[in-house]
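Since chain D is already given, all that's left is putting chain S on it; use the hints.
Listed below are the residues making up each chain.
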Amino acid sequence: MKSQTPWFRLSSLVFGFAFLYIPILSLIVYSFNKSKLVTVWGGFSTQWYGKLLENDQILDAAWLSLRIATVNATGATIIGTFAGLVLARFGQFRGRTMLSAMTTAPLVMPDVITGLSLLLMFVAMEQAFGWPAGRGITTITIAHITLTLSYVTVIVQSRLATLDGSLEEAAMDLGARPARVFLLVTLPIIAPALVSGWLLAFTISLDDLVIASFVSGPGSSTLPMLIYSKVRLGVSPDINALATIMVGLVSLGVMITGYLMFRRERLRQRDMQLASSAA
Amino acid sequence: MTQHHRQAQPPQGERLSAGVQLMLRALQHLPPYRWTQARLARWGVRGRTAVVALPYLWLLLFFLIPFVIVLKISFSATQLSMPPYQPLLQWTGEKLTSLRLNINPGNYLYLWQDSLYGRAFVNSIQVAAVSTLITLLIGYPLAYAIARSSTKWRGVLMMMVILPFWTSFLLRVYAWIGILKNNGLLNNFLIWAGVIDEPVVMLQTNFAVYMGIVYSYLPFMVMPLYANLEKMDLTLLEAAKDLGCRPMRAFFNITLPLSMPGVVAGCMLVFIPAVGEFVIPSLLGPPDSLMIGKVLWTEFFNNRDWPVASAVAIALLIFLVVPIVYFQRAQARTAQAGQA
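In order, the protein sequences belong to chains D and S. Here the first sequence stands for residues 1 to 279, numbered as in my numbering. Here the second sequence stands for residues 1001 to 1340, numbered as in my numbering.
Quick caveat, the hints were computed from the structure, so don't treat them as lab data. Computed from a prediction, not measured in an experiment: that's the story for all the values here. For glycine and all other residues, C-beta sits at the position ideal for the given N, C-alpha and C. Please note that the accuracy of each hint is not assured.
[Claimed, not checked] Per label pair, the in silico range of CB-to-CB distance:
1. D:L249 x S:V1195: 31 to 41 Å
2. D:M255 x S:V1264: 26 to 36 Å
3. D:L267 x S:N1182: 53 to 63 Å
[Claimed, not checked] Result set (EDC-like, lysine to aspartate or glutamate): computed pairs, CA atoms no more than 20 Å apart in a straight line:
4. D:K230 x D:D60
5. S:K1152 x S:D1233
6. D:K34 x D:E54
7. D:K230 x D:E54
8. D:K34 x D:D238
9. S:K1072 x D:E126
10. S:K1072 x S:D1305
11. S:K1231 x D:D164
12. S:K1152 x D:E265
[What the hints assert, rightly or not] Chain D regions said to be covered by chain S (calculated; three or more residues, Cβ under 8 Å):
13. 10-16
14. 83-90
15. 202-212
Same shape as in the complex, but just chain D:
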C-alpha cells in the first residue's frame, strides 16, 4: 500500500514540514510576546526588538560576525572553486585522491576536533614564526575558510560534473589559452553555483560556535559565542527577536536568489527555444 497511497505521502509531507517549521515559528511568535516569561503569552509587543537595537554588545558581535563571514565567504569561494575545478576537470594526477579526501573530510569532521587542531596549529605557528600574533579575527577567518571551502568545492564540482566539457574544448580549439577559457567560458557557466557556494559559506561562518570558540582570542566574541553565553542562562525574549530577524533575512535572501535563478533558467530556456525554432 505504501508507495501508491497519496494519503501516506501527504501525511509524511505534513508531518515532516510541521516538525521542521513549528520550532522556528514558535521562535517568531514569542519574539512578539510582551511577557518576559517567554512561553506565557502576555500580549503583542515589539519591545524586544527595541531592546535589541540598544544592546551594543550584541550589535558589536553581529558586526564582527558579518565582517568575518564576508571575508570568509569570498576566500572560500575562490579556493573552493579552484579545488572544484581541479577535481572535476584536471583528470588523474598524483595526489588527486588526497585532495579529494581533504575536501570531503571537513564536511563530516566533528567541530570540536577541527577547532582544537586549528588552535594547536595557530599556537605552534606563532611559536615558530611569530604569526599569527595572538588570536582573533584573522584566525577565526582562516579556520572558517578551511571549513567552508569544502562546501563550495562540492557545489562547484557537482555543477561542473553535470556539464560536459564541450564548450571549454571548443574554446580551446579556437585557440583560447586555459586562463582565458576559464574566465570567459567556465566562470560564466558556473556563476550560479558560485553564488550558492558564497551564500552557504557566509551562513555557515555566521553560525559557527565551536570552531570560533577554540580559535578566538580575548575581545573577539562572535555573535554565536554571545548568543551561546546568553542562552545557557535560560531563554530570553531578545534572543527570540534576534532569531526572528536572522530567520527573516536568510529566508528573504534564499527566496530572492531562488527567484533570480529560476528567472535566469527560464530566460535561457526561452532563448534556446527561439534559437531552435529559428534554425
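The following block gives chain S in isolation, referenced to the frame of chain D:
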C-alpha cells in the same frame, strides 16, 4: 513579433554576460595578472600547477598538518605555562647527546583507566546511532514523498527542507529549549489536550538530545535521499506492478535496495558529526551528560589540559576514521558517476 522584439532588445542574460566579459577581458590585461603570470613562469610554475597548488597547500597547512600537531601534543606532558604543554624534543645541554625526547603515553593510559572517557564514548555512539535511526525514519518518508511529487512542486518542497538548514543552527537548538521546558510549548499542549496532568520533565534528558540532533540534522538526511530517489527508474516499479507485485512488496524489493547509497550517505552525514556534537548536549542534555564532544570541550576550556584534550580528539578520530573513509569512498563514487 517575438523575433522583432528580440532583435530590438537582446535578452537580459546576454547583455549581462557581455558586461561581465568586458570586465574579465580588461582583467587579463591588467598589470598584476600579466606580472604574476610572468613571475610564475620564470619559476617554472605553470598556470595549471598554480591552480592545483592553492587549495592543496591551504588544506595541507590548515587541515592535515594540524592533525599531526594534535597527535604530537597528545603525547606531551602538561605543564603550567602558555602554551600549557612540554615540548616533545628538548635540549638539556649543549651536546647532541643531550637531546631528550619527552614522549609521554600517560594521556592515553589515563583515558583508558578513567572509566569516564570510556562511558562517554559508548554513550556518544549510542546517542548518535539512535538519533540517526530516528532521522532516517522521519527523513525517508519525507524524501520519498517529495521525490514522487509533481516536478513543479519538487523544487519548492526541497527549498523548504533546505531553508531551515540555512538559518542559525544555534538558534534552532535554542528553540527546543522553549518547546521542551516544564512550562514550555509541548507540556502546555499535552496538558491542554488532557494527555498528561502535570508537566513531564523533558529538557535536560537524553530525549531532548535525540530531538535536537534529529531536528538539526534532518536536512542532511533528506538531501542525499531525495537526490537518489528522484533519479530512480520508475519503469522498474511499473514492471513489478504489471507482474502482479503488491506496492508494499515492490517498495521493499525494489525502491529500498536501490536507494541504499542515499541511505548510507544520509546516515553518515548525520552519524559522524553527531558523535562529536557539543552544542546540542550542552544546551538540551543533562548537566552531567557524557558526550565525548562535551568532555573534550571541558578538558580544554575548564581544565586547561591541552594534552588530554588532544588525546581525546585522537581517540575520537581513530574511531571515526572508518565511517569517514567509507563516506568519502561513497562520495567519490557519486562524483565519478555524475561525470560519466
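Consistency of the hints with the structure:
Between L249 of chain D and V1195 of chain S the beta carbons are some 37 Å apart, a value that agrees with the proposed interval 31 to 41 Å. Judged by the Cβ atoms, the range 26 to 36 Å given for M255 of chain D and V1264 of chain S holds: they are separated by roughly 32 Å. Remark: the range hint 53 to 63 Å for L267 of chain D to N1182 of chain S is upheld by a beta-carbon distance near 55 Å. The suggested pairing of K230 of chain D with D60 of chain D holds, with an alpha-carbon distance near 15 Å, which does not exceed 20 Å.
For the given pair, K1152 of chain S sits about 19 Å from D1233 of chain S by alpha-carbon distance, which is consistent with the 20 Å threshold. Note on K34 of chain D and E54 of chain D: the hinted pairing holds, with a Cα-Cα distance of about 17 Å set against a maximum of 20 Å. Simply put, K230 of chain D and E54 of chain D have alpha-carbon atoms about 16 Å apart, close enough for the 20 Å limit, and the pair holds. For a cut-off of 20 Å, the pair hint linking K34 of chain D to D238 of chain D stands: about 11 Å separates their Cα positions.
Annotation: proposed proximity of K1072 of chain S to E126 of chain D holds, straight-line Cα distance about 16 Å (limit 20 Å). For the hint linking K1072 of chain S to D1305 of chain S, the alpha-carbon distance of about 14 Å falls within 20 Å, and the restraint holds. Distance check on the hinted pair: K1231 of chain S and D164 of chain D sit about 19 Å apart at the alpha-carbon level, within 20 Å; holds. A threshold of 20 Å between alpha carbons decides the hint, and for K1152 of chain S with E265 of chain D the separation of about 14 Å falls inside it, so the pair holds.
Restraint check on the region 10-16 of chain D versus chain S: 5 residues with Cβ-Cβ distances below 8 Å, three needed, restraint holds. For the region 83-90 of chain D, the assignment as covered by chain S holds, since 6 residues bring a beta-carbon within under 8 Å of that chain's beta-carbons and 3 suffice. For the region 202-212 of chain D, the assignment as covered by chain S holds, since 5 residues bring a beta-carbon within under 8 Å of that chain's beta-carbons and 3 suffice.
The earlier numbered hints are all upheld by this structure, with none contradicted.
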